[in-house]
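For the protein sequence lines, the chains are A and B, in the order given.
Heads up: the first sequence begins at 1 in this note's numbering, then just goes up one per residue.
Heads up: the second sequence begins at 1001 in this note's numbering, then just goes up one per residue.
Careful: at least some of the hints might be erroneous.
[To be verified] Residues from chain A that face chain B, not an exhaustive set, calculated with beta carbons under 10 Å:
#1 7
#2 11
#3 27
#4 28
#5 44
#6 60
#7 93
#8 105
#9 107
#10 111
Honestly, the hints are just simulated from the structure, not real lab data.
Cβ coordinates follow ideal geometry from the N, Cα and C atoms, glycine included.
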Amino acid sequence: DAGVIQSPRHEVTEMGQEVTLRCKPISGHNSLFWYRQTMMRGLELLIYFNNNVPIDDSGMPEDRFSAKMPNASFSTLKIQPSEPRDSAVYFCASRYIQVTGNTIYFGEGSWLTVV
Amino acid sequence: KQEVTQIPAALSVPEGENLVLNCSFTDSAIYNLQWFRQDPGKGLTSLLLIQSSQREQTSGRLNASLDKSSGRSTLYIAASQPGDSATYLCAVGPSSNTGKLIFGQGTTLQVKP
Chain A
1 DAGVIQSPRH
11 EVTEMGQEVT
21 LRCKPISGHN
31 SLFWYRQTMM
41 RGLELLIYFN
51 NNVPIDDSGM
61 PEDRFSAKMP
71 NASFSTLKIQ
81 PSEPRDSAVY
91 FCASRYIQVT
101 GNTIYFGEGS
111 WLTVV
Chain B
1001 KQEVTQIPAA
1011 LSVPEGENLV
1021 LNCSFTDSAI
1031 YNLQWFRQDP
1041 GKGLTSLLLI
1051 QSSQREQTSG
1061 RLNASLDKSS
1071 GRSTLYIAAS
1081 QPGDSATYLC
1091 AVGPSSNTGK
1101 LIFGQGTTLQ
1111 VKP
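Work out the full structure: start from the sequences and follow the hints.
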C-alpha cells in the first residue's frame, strides 16, 4: 500500500495567495483527518471526516480555512487568503473505523511557508 | 479540556541504555492512548496503541504502560540504539471512538553511539 499521499510536499507562497493542499487516504479507510503542526502549538486537529462527511471542524482556526472531501479517495484543505502565521506543516491522516478503535496512519506532510 | 504533557522535552542518552519517556493527561476518561515516532521532515508512525481497558502493550524493545486513574503513560525503550533517535509523541483519544487525538508536545530523543 502506498500510504497516505499528500501534495505538495513543500510550498512557498506570498501572503494573500490561495493555498490548496491535497490528500489521498489509504484505500479502504473511511475516516480522514487534517492536522497542523507548529513549534509553538504542536500538533492540532483541524477537521475530520467520517465516510466523506465532516464531523468536527472546531479546530479550523478561521473562515479562511476550508476543507472538502468530495469522495472517499480525495480531500483538500484550502487557505484563502493565506497569511504568514499559517506557515506550518499540514498533515493528513486516515484510518478505518472499527468498534475497538484502530491505528491512524499519517502522510509525510505538506510544508507551507507564507512570506 | 484534555491536556497532554510530555516530560522531558529532550533527552540524550548513550547507546545501550534503557530509558523511559513520560506522558500525563488531565482527563482520565479516555478511549485509548497512542505513542508515535516522528523523524525529522517526516510524518508520524504509530508505535503502540493501548485501549482504555488495557494496562500495557509491547512491541519488540518497546513497552508502553497506561494508568488511567493517575493520568499517566510511559514508553519504555530497552537497549537504546542510535536508530531510536527521533521525537516521540503521546496522543490521547477522547472517550468515544472518534479517532480524534490530542497530542503532547513530544520528547526529542538522541541516542549517542
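Against the structure, the hints come out as follows:
Taking 10 Å as the C-beta contact cut-off toward chain B, the hint placing residue 7 of chain A at the interface is violated, the least distance being around 13 Å. For residue 11 of chain A, the suggested interface contact is broken, since its CB lies about 15 Å from the closest CB of chain B, more than 10 Å. Checking residue 27 of chain A against chain B: minimum C-beta separation of about 17 Å lies over 10 Å; hint violated. For residue 28 of chain A, the suggested interface contact is broken, since its CB lies about 15 Å from the closest CB of chain B, more than 10 Å.
The interface hint given for residue 44 of chain A holds, since its Cβ lies 8 Å from the closest Cβ of chain B, which is under the 10 Å cut-off. Interface restraint check: residue 60 of chain A against chain B, minimum CB-CB distance 14 Å, threshold 10 Å, status violated. Below 10 Å, beta-carbon pairs count as interface contacts, and residue 93 of chain A has one with chain B at about 8 Å; its hint therefore holds. The interface hint given for residue 105 of chain A holds, since its Cβ lies 7 Å from the closest Cβ of chain B, which is under the 10 Å cut-off.
Residue-level restraint check for residue 107 of chain A holds (minimum Cβ-Cβ distance to chain B is 5 Å; threshold 10 Å). The criterion of a C-beta within 10 Å of any C-beta in chain B is met by residue 111 of chain A, whose closest approach is roughly 8 Å, and the hint holds.
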